[in-house]
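Q: Here is how the chains run, residue by residue.
Protein chains: 2
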Amino acid sequence: MKKLLTMAAALFMMGAVQAQELANFNFGGRKQIVSPEIKGDSVTFRLNANYATQVQLFGNWMPYGQTIDLKKGNDGIWETTIKAPYAEIYTYNFFVDGVSVNDPQNFMVQRDGTRYLNMLFVPGERSSVYNESSKRGTVEQRWYDSKSLGINRRMTVYLPYGYEKSKEKYPVLYLLHGGGGDEEAWSSMGRAAQILDNLIEQGKAKPMIIVMPNGNPNQQAASTLGLETTTLDTRSPENANAYVKSLVNEIIPFIEKNYRAIPKKASRAIAGLSMGGGHTTSATILFPNAFDYICPMSCGIRESDHLDADLQGIKKAGYKLYWIGCGEDDFAMPGTKILDAALTRNGMEHTLFTSDGGHEWKNWRLYLQTFAQLLFK
Amino acid sequence: MKKLLTMAAALFMMGAVQAQELANFNFGGRKQIVSPEIKGDSVTFRLNANYATQVQLFGNWMPYGQTIDLKKGNDGIWETTIKAPYAEIYTYNFFVDGVSVNDPQNFMVQRDGTRYLNMLFVPGERSSVYNESSKRGTVEQRWYDSKSLGINRRMTVYLPYGYEKSKEKYPVLYLLHGGGGDEEAWSSMGRAAQILDNLIEQGKAKPMIIVMPNGNPNQQAASTLGLETTTLDTRSPENANAYVKSLVNEIIPFIEKNYRAIPKKASRAIAGLSMGGGHTTSATILFPNAFDYICPMSCGIRESDHLDADLQGIKKAGYKLYWIGCGEDDFAMPGTKILDAALTRNGMEHTLFTSDGGHEWKNWRLYLQTFAQLLFK
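Chains as they are written, first to last, in this note's numbering: chain A, 3 to 379; chain X, 3 to 379.
Bear in mind the hints are in silico, worked out from the structure with no lab data behind them. Hints may be right or wrong, so weigh each one.
For chains that are exact copies, the list does not tell them apart, and a pair is met inside one copy or across any two.
Okay, derived cross-link-like pairs now, DSBU-like style, lysine-lysine, Cα gap no bigger than 30 Å in a straight line [stated by the list, open to error]:
#1 167 <-> 259
#2 247 <-> 167
#3 74 <-> 208
#4 247 <-> 137
#5 206 <-> 85
#6 206 <-> 149
#7 322 <-> 41
#8 266 <-> 167
#9 208 <-> 266
#10 169 <-> 85
#11 267 <-> 167
#12 208 <-> 149
#13 149 <-> 41
#14 267 <-> 73
#15 149 <-> 137
#16 259 <-> 171
#17 171 <-> 247
#18 339 <-> 379
#19 137 <-> 171
#20 167 <-> 149
#21 41 <-> 259
#22 322 <-> 247
#23 149 <-> 339
#24 379 <-> 169
#25 41 <-> 339
#26 137 <-> 259
#27 379 <-> 41
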């Protein structure tokens, strides 16, 4: 038998050194380089592009429209070293003679809508919860039938560590993405599973289910699946509410039937960013008895003659947390301030949490790791 | 209330036209182009790269090392039209002045190990099962503790449509990836969920659970998660078997405890490509009482003085299907022929299924859609 194993191992090795398919590497031998390389508080970016006449870097920690020129070495490798931005996950890309190019050395890539961007993960306290913990929940992609929208739709569901072996029921956070996003946004760019795995393991957050639906009511699922979209006019007011109604009237019952979810207002939270923040404020105004925890991010509300009455509906129904997050440079800050002031003049307890930066994932991850610690307590 | 909704809708719209974050588009207005564009039996590829002096296309339907030159139009858009390869999913990339660049117009991208490649999906009969069906199973990423490997590890699990609402138990296919792959390979490049959703809906395959573990015993999960790997020497014979042993002694019991899986040999199938084909042949030789369905793909076996005895062990234990798939141009064909001949001279019923092409996903998808129809019947 031992001999067989040695032979089998040789086969494994043969397999292991072969990629599954032949690579689409650039033809011809090229030097292996490292990019990005974080050393102390600096980051070096490198690109092997001997033929290029100009290579520029754009990172989303930089002002929009600004780029940094890389310098070409004698070996044809372009390079630049910059001071690392603070501990977070950023995205970047190169422009090679004007053509947007991802860093071929960096296999950390995220999809934002239809764009694939390289990630720069700067380690540190703030970003530590974006790493895997040791007790990991399950992430699943589950389909449900939306009768009101007339299509089968996909959602991402996070089940906390231990869910499958426990007999407990859990509270549920409904976590909504923004415009251009889909049901994969919070579990990928948002690091929702990692953040909750860490907070739960550290005893900072209650074990909870997170439901991340697709908030585009004309879509069955992320566009990368290539499914046809419906002809629903998503800009019509009626259809915008169609999604919020589907969320409360269809998704919540689906979750509470198919998962061990506590079917009570006190065990439901709703949070969302940008468009999802609009869904959050709308859902809670339309259905004031559905959620006890309300966390809109990077969005706002407009003044109107019925705003106070709408908010009084929420006040009357009662709630346990109204938590608003917004970046100081976010274009949604004026709307956020209107919401903040309206809650104050209506005598509604709430938190306004602000942070540096604008309409961006580094903030939404920070907000999630902040308000998740306040839920269901 | 109606007024509120109109107002809320305006907010949604604001959200909808904003991407979640500002895009990393190339700065400056550029014409929108379509690429790739399939028309009849031709495909056109386009790239907006005014500054480039040379743009080439490489697709994995072409011989390795060959490229096609694109021609530059007066508008700075490079273009080429070719005859579409037959109905399948292919990958391609551009070389812009020698730099490998993905097609920025094409958001269909797949990850193969550490490489991100654009997809070209040519529709037709053979590729029709790679599309979503209307009855979709659940795909989940689940962690399990491997005591023998000393790490917490991730696997992908496919649950057939209706699993959650049924009380039935299901047979299980253990589906193994190749070298360079991980637990995401079969559900992304392999289209395993779509293929089984379609075959099950059409009544061509039995409803089954598919378990897609990570076959790299030193890895917790796909390298994109950034988890540390162990120092396990994966080239040592002992450790190669460590994975196969973990599969049979740890993963199978985990699945049969945590899912409604039928815990019988007659309800277990094992299949794998390349390195995973080596895992398949090894697992069935080491554990002849574990699986009734054995489907190695694009791999083989070496002649040895104990090969016949090893295969007789499987014959004695009994099996229902021994199905081998290999591409005619696959470098694994000689090893496949050795396995084929050894099974024949040992009087073991089996199928050798060959197809054009080499060591590539178009074949492994074809093999899965072929042998899946033979399982558990």
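Q: State for each hint whether it applies.
A: Evaluation of the provided hints:
1. 167 <-> 259: Classified as both; 18 Å inside a copy, 10 Å across copies.
2. 247 <-> 167: between (33 Å within a copy, 24 Å between copies)
3. 74 <-> 208: neither (51 Å within a copy, 58 Å between copies)
4. 247 <-> 137: This pair counts as between: shortest inter-copy Cα distance 24 Å, intra-copy 35 Å.
5. 206 <-> 85: neither (32 Å within a copy, 58 Å between copies)
6. 206 <-> 149: For residue 206 and residue 149, the Cα distance is within 30 Å only across copies (28 Å; inside one copy 38 Å).
7. 322 <-> 41: neither (45 Å within a copy, 57 Å between copies)
8. 266 <-> 167: both (23 Å within a copy, 22 Å between copies)
9. 208 <-> 266: within (16 Å within a copy, 39 Å between copies)
10. 169 <-> 85: The answer is neither: 50 Å in one copy and 57 Å across copies each exceed 30 Å.
11. 267 <-> 167: Both. Shortest intra-copy (25 Å) and inter-copy (25 Å) distances satisfy the 30 Å Cα cut-off.
12. 208 <-> 149: between (33 Å within a copy, 28 Å between copies)
13. 149 <-> 41: neither (54 Å within a copy, 35 Å between copies)
14. 267 <-> 73: Answer is neither: 58 Å inside a copy and 62 Å across each miss the 30 Å cutoff.
15. 149 <-> 137: Intra 37 Å, inter 15 Å, cutoff 30 Å: inter-copy only.
16. 259 <-> 171: both (12 Å within a copy, 20 Å between copies)
17. 171 <-> 247: within (25 Å within a copy, 35 Å between copies)
18. 339 <-> 379: within (27 Å within a copy, 64 Å between copies)
19. 137 <-> 171: Answer is both; intra-copy 19 Å and inter-copy 28 Å each pass.
20. 167 <-> 149: between (32 Å within a copy, 18 Å between copies)
21. 41 <-> 259: neither (50 Å within a copy, 46 Å between copies)
22. 322 <-> 247: Within one copy, since 22 Å is at most 30 Å while 51 Å is not.
23. 149 <-> 339: neither (37 Å within a copy, 53 Å between copies)
24. 379 <-> 169: For residue 379 and residue 169, the Cα distance is within 30 Å only inside one copy (20 Å; across copies 35 Å).
25. 41 <-> 339: neither (40 Å within a copy, 51 Å between copies)
26. 137 <-> 259: Both: 26 Å inside a copy, 19 Å across copies.
27. 379 <-> 41: neither (41 Å within a copy, 58 Å between copies)
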